[in-house]
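Q: For this one, chain A is given, so just place chain B on it according to the hints.
Number of protein chains: 2
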Amino acid sequence: MVSSVQFVHDRAFILSTGDEIMTGQLQDSNARWLSAALIDEGILVAEHGAVGDVEKDLCDAILRAAAKAPLVIMSGGLGPTDGDLTREAICRAADDQLVLDPKLRSELAAMLARRGRELTPRQERQAFRPSRATAIPNAFGTAPGVHARIQTQAPWGLTDVFCLPGPPGELRPMFAAAVRPLLRPPQDRVVLTRLLHVVGMPEAECVQKLGELTKRDRVPLVGITASGGILTLRIRYEAREPNSPQGRAAAAARVDAVESEIRDRLGDHVMFTGAAGAIGGMDHLARQVIEMLRSGSAGPRTLAVVESCTGGMLGEMLTSISGSSSVFVGGFITYANALKERVGVLPETLACFGAVSAQTAREMALAGLGRSGADCCLAITGIAGPDGGSDAKPVGTVHIGLAWGSSLRGADIGSVPEVHSRHFLFTGDRADVRCRACVTALAMLRFLVLRGEASTPKLLWEV
Amino acid sequence: MVSSVQFVHDRAFILSTGDEIMTGQLQDSNARWLSAALIDEGILVAEHGAVGDVEKDLCDAILRAAAKAPLVIMSGGLGPTDGDLTREAICRAADDQLVLDPKLRSELAAMLARRGRELTPRQERQAFRPSRATAIPNAFGTAPGVHARIQTQAPWGLTDVFCLPGPPGELRPMFAAAVRPLLRPPQDRVVLTRLLHVVGMPEAECVQKLGELTKRDRVPLVGITASGGILTLRIRYEAREPNSPQGRAAAAARVDAVESEIRDRLGDHVMFTGAAGAIGGMDHLARQVIEMLRSGSAGPRTLAVVESCTGGMLGEMLTSISGSSSVFVGGFITYANALKERVGVLPETLACFGAVSAQTAREMALAGLGRSGADCCLAITGIAGPDGGSDAKPVGTVHIGLAWGSSLRGADIGSVPEVHSRHFLFTGDRADVRCRACVTALAMLRFLVLRGEASTPKLLWEV
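Protein chains in written order, with my numbering: chain A, 1 to 463; chain B, 464 to 926.
Chain A with its partners taken away, still in its complex shape (with noise of 0.2 Å):
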C-alpha cells in the first residue's frame, strides 16, 4: 500500500540536461525561473545540477535527484535529434521501456501538417514516451514533456519526474498548464518570500543600517544580493505550521513586520515589494518608473530618450515592459556624432568638450525633449569600452542627462524646460557598464519625481 506521503511535494530538485549546456555554448535560463515558479508555489529547492547528453550520466542523475527530492523537474533532451536522450534515460531509471503513443504521433503529424511539413521518422522518435509514463502536451513545438513516477529508496518512495523540453517559449506554458496542478506542496509548512528591491544605497551602508534584521538565526532571514546597482533585499519566512489560512496570515504578518522596519531604515531607497517569482530589480526599477510616471498626481507624464553608448539598450528595458506605450514614447539612437548633431547638438559642443562630456549629455536630453515632445528625457553618453578610453576620461565614464519640461512635476512653475547632468564611472566590462548606465538614468529619473532636484542621493558610481 502506498502511503500518503508520497504525494508532498516538500522540496524539489532541478535537472538541467544538454552538451551545448555543459559546453558552455547555451545558457540555462530554465532552472532559474522553475525555482522562482516553484518557491511561489511554497516549495523550495534543494538543487540544481546540469548533465550532458550521455544516457548514462543522465539515468544517473535523474536517479541521485529523485532520491534526494520527491519532486524531479527536468528540462532539455526531448527533441528529435540522436541527442535527445531523456525519453531513454527515463526509461533507463524506471526501468521501463520506449512505446509509440498513438495519440501524440497524429497530434504531431497535425502540427507538422499546419506547417506544410511531413512527419519524417526522425520526429517519429517524440511520439514515443515510456510506457508507464504520461504524456504532456506542447502547444508551442513538437516535443511532448514526459510525466513519470520513479521508485526511490527514499523515505517518500515514488518520486515525480516532469520532463519539460527546453525552448522556454514551451516549457513555461507547459509547466503552468500541465506541472503546476499536479504540485502537492507540504500542508504542514508555511513557506513566504517576498523581495524588495533597493536602489541608490551602496551594500556596506545598506548591511549596516539593516544591522541585526540580516542575522542568519532570524526568522524572517534576510539576504542581500547586489546586481548591476540594485540590491535586492530577500525576507524569507519559513516554518512547520499548517499550511491553513490562519497558518499563512500569520506569516504575512511576521514578513509585513519585518517589511515595515527595513522601509523605515532604508526610506524611499526601497522601491516596490514582489514575491519571490517576481521579476528583477532592472525590470522592477523600468516598470516603477513607468508606474510613477503613469500614475502621477498631475495627470500621466511621457518620458523620451536619446542614447549613444547604450545604443537604444534603455529603451529596450522600458519597452520590455508590457503597457510602457502609455507613457514611453521612444526616442533616438545618436550612435554616431552625426546623428547627436542631426538631432540638435551644437557641433561647437562636441567639438570643445567631446561628445562624452556633460554639455553633450545636457544637450541630447534637451533636444530630445523638444524632437519627442515628452514630458521629459533621459540621455546617456559615455565610453563603454573596451576601446576609446584616454586618461582623462577612461572607460566607464558615462554622462547622463535629465530634462524636464514645467509639466513634469506639479510644483514646478515657468515653461523653460530644466535640465542636469550627471557624471559617472562605472565599473565592469562594456555589458556591465551599458548596463549600469541604464539603470542609473532610471534611479536619476526615480530621485527626481520622487524628492525634486535638489535633494537627490548620491547614486552608486557617481563621480
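FYI, nobody ran anything at the bench for these hints, they're computed from the structure. Where is the CB? At the ideal position from N, CA and C, for every residue including glycine. One thing to keep in mind: the hints can contain errors.
What the hints assert, rightly or not - To spell it out: a stretch of chain B is covered by chain A in this simulated footprint if at least three of its residues, at any positions, have a beta carbon under 8 Å from a beta carbon of chain A; those stretches are: (1) 489-501; (2) 683-689.
As the list claims (entries may be wrong) - Here are the simulated lysine-lysine pairs, DSS-like style, with alpha carbons at most 30 Å apart: (3) B:Lys519 <-> B:Lys566; (4) A:Lys215 <-> A:Lys458; (5) A:Lys56 <-> B:Lys672; (6) B:Lys856 <-> B:Lys921; (7) A:Lys215 <-> B:Lys566; (8) B:Lys531 <-> A:Lys68; (9) B:Lys678 <-> B:Lys531; (10) B:Lys531 <-> B:Lys519; (11) A:Lys215 <-> B:Lys519; (12) A:Lys103 <-> A:Lys56; (13) A:Lys68 <-> A:Lys56; (14) A:Lys56 <-> B:Lys678; (15) A:Lys458 <-> A:Lys393; (16) A:Lys56 <-> B:Lys531; (17) B:Lys678 <-> A:Lys103; (18) B:Lys566 <-> A:Lys209; (19) B:Lys519 <-> A:Lys68; (20) B:Lys921 <-> B:Lys678; (21) B:Lys921 <-> B:Lys672; (22) A:Lys68 <-> A:Lys215; (23) A:Lys103 <-> B:Lys672; (24) B:Lys519 <-> A:Lys56; (25) A:Lys458 <-> A:Lys209.
Said to hold, decoys possible - Distance ranges between label pairs, derived from CB positions: (26) A:Ser455 <-> B:Val879: 55 to 63 Å; (27) A:Ala250 <-> B:Glu925: 53 to 61 Å; (28) B:Lys921 <-> A:Ala239: 54 to 62 Å; (29) B:Gly579 <-> A:Glu261: 24 to 32 Å; (30) B:Ala814 <-> A:Ala392: 47 to 55 Å.
A: Below, chain B alone, put in the same frame as chain A:
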C-alpha cells in the same frame, strides 16, 4: 608520495552557491561562462551543480564534486554577509580552519580607503582564509578567492578547488589571471570544439541535409541547438591521443573536414565559425552583419535602425559589439505613432493601414534611411504582446522593412532608394517575439547583401 596523476585536470565540476540562485532571484551566468572557458582549455565539464547558503549542504556538495572531478570551480559565497559561507564550507570539507591573513587584511583596508571607507568588522571576514589554502587576489572587488586542495577517495587523490566570487566582473578576470595558469589539461587527449551558427533554415531541414553527420557514434560528433531562429551546430572532436602539436593539427584537420562538408550542404546559411567559448548565435549574426558592411568590396557601408515594438533592442544588439561604430550610426525609436509621424511616416499610412503594416514598415525604413544618411536602414513594427492582438493581426505579427540606397551594393544602379518589407508571425512570449524580430531583421540584411534582393530565402516564421 604524490602521484603525478593528481595534476591532470581531465574534467571539471562547476558548483555555484547562493540562496538567490535557489530561489530563482538571480540568473547564474557563471556556470555557462566557466564551461566555455574550460572547454577552450581542453578540459571537459562533467557536471554543473548549485546549492543554497547552508554550510552543511555546501560542504556536502564540495565533497561530492571533488570526488567526481579533479578540478572544481566554485562561484559565490565569498561576500561579507552572514549568508556567505564558502570559506567555512571549504574548511569543513578540508578539515581546516579559518585564519586571518594579515596581507589580505591590509589590502582590503587599502582598497576601502581608496573609496573613502573604513574596514568594518563585518568586512574583515573577507580577510580570513582556510589555513592551508591560498588566497586569490581580486582587483575588482573586496572578496578574495580561495584555492584549496581537498583529499578524496577518487583515484587522483587531491582535487583542486578554486572558489571565486559571484559577480561576473570579478570572477572572470580572477579566472583569467589566477586560475587559468594553474590548469593542467590532460596531455593524453585532444579535445577540439567548433561552433557553426546557421541562419534562415528550419531545424528539420538542417537535420535532413546533414543526414549521417549527426549520428551519435561519429567522430567528430555534430550536435544541433535551436535558439531564437538561429541554429548552432557544435562539432566536437575528442580522442585519446597525445596532446602534441601533431595531435592537435590532426584533430583540426578532422574538424576542418566536417566543417567543410557542412558548409557544402548548407551553403551560405552558415555564418562564421568560432571556438567553443565563442559568442552566441545572435551576437554572431550582429557581428557578421557589421563585418560584412565594414569590409564590403565597394568600401564600408553604414546602417541605421527605426524600431517600434523592439524599442531599441536591435540597436542594443548591434552596439553590444565593440567597434560597431564603424558601421552603425544610430536611428530612431518610434514607439508612439506620434514619433513615427515625426520621423516621416505619413499620417494617412497610419490611418489606412495601421502602425503594424507592410506600408508603415517600408515608410519607417525609408524615413530612417533619409534622416540618418546611412546606406541602409532596418525598420521593425509589430505586436509583441501579450496585449494588442486581433484576429487580423494576432500577437506575434511583425513587419520588417529594409531600405537601401544605390550605395549599398556595387552592382545596383540608379540613385532612388529601394525598399522592401516582409511579414512574419513569430511565436513565443513578448521577449521571444522581440528577440526573433531583431534576429530576423539582421538575417534579412545579411541575405540581401550576400545574394541580392531577388534570391533571399524564405525565413523562419515568414508568412
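Q: Run every hint past the structure and note whether it holds.
A: Each hint, compared with the structure:
no. : hint                              : in the structure
1   : 489-501                           : holds (count 12)
2   : 683-689                           : holds (count 4)
3   : B:Lys519 <-> B:Lys566             : holds (29 Å)
4   : A:Lys215 <-> A:Lys458             : holds (28 Å)
5   : A:Lys56 <-> B:Lys672              : holds (29 Å)
6   : B:Lys856 <-> B:Lys921             : holds (20 Å)
7   : A:Lys215 <-> B:Lys566             : holds (28 Å)
8   : B:Lys531 <-> A:Lys68              : holds (18 Å)
9   : B:Lys678 <-> B:Lys531             : holds (28 Å)
10  : B:Lys531 <-> B:Lys519             : holds (18 Å)
11  : A:Lys215 <-> B:Lys519             : holds (18 Å)
12  : A:Lys103 <-> A:Lys56              : holds (29 Å)
13  : A:Lys68 <-> A:Lys56               : holds (18 Å)
14  : A:Lys56 <-> B:Lys678              : holds (18 Å)
15  : A:Lys458 <-> A:Lys393             : holds (20 Å)
16  : A:Lys56 <-> B:Lys531              : holds (15 Å)
17  : B:Lys678 <-> A:Lys103             : holds (28 Å)
18  : B:Lys566 <-> A:Lys209             : holds (29 Å)
19  : B:Lys519 <-> A:Lys68              : holds (15 Å)
20  : B:Lys921 <-> B:Lys678             : holds (28 Å)
21  : B:Lys921 <-> B:Lys672             : holds (17 Å)
22  : A:Lys68 <-> A:Lys215              : holds (28 Å)
23  : A:Lys103 <-> B:Lys672             : holds (29 Å)
24  : B:Lys519 <-> A:Lys56              : holds (28 Å)
25  : A:Lys458 <-> A:Lys209             : holds (17 Å)
26  : A:Ser455 <-> B:Val879: 55 to 63 Å : holds (56 Å)
27  : A:Ala250 <-> B:Glu925: 53 to 61 Å : holds (56 Å)
28  : B:Lys921 <-> A:Ala239: 54 to 62 Å : holds (58 Å)
29  : B:Gly579 <-> A:Glu261: 24 to 32 Å : holds (28 Å)
30  : B:Ala814 <-> A:Ala392: 47 to 55 Å : holds (51 Å)
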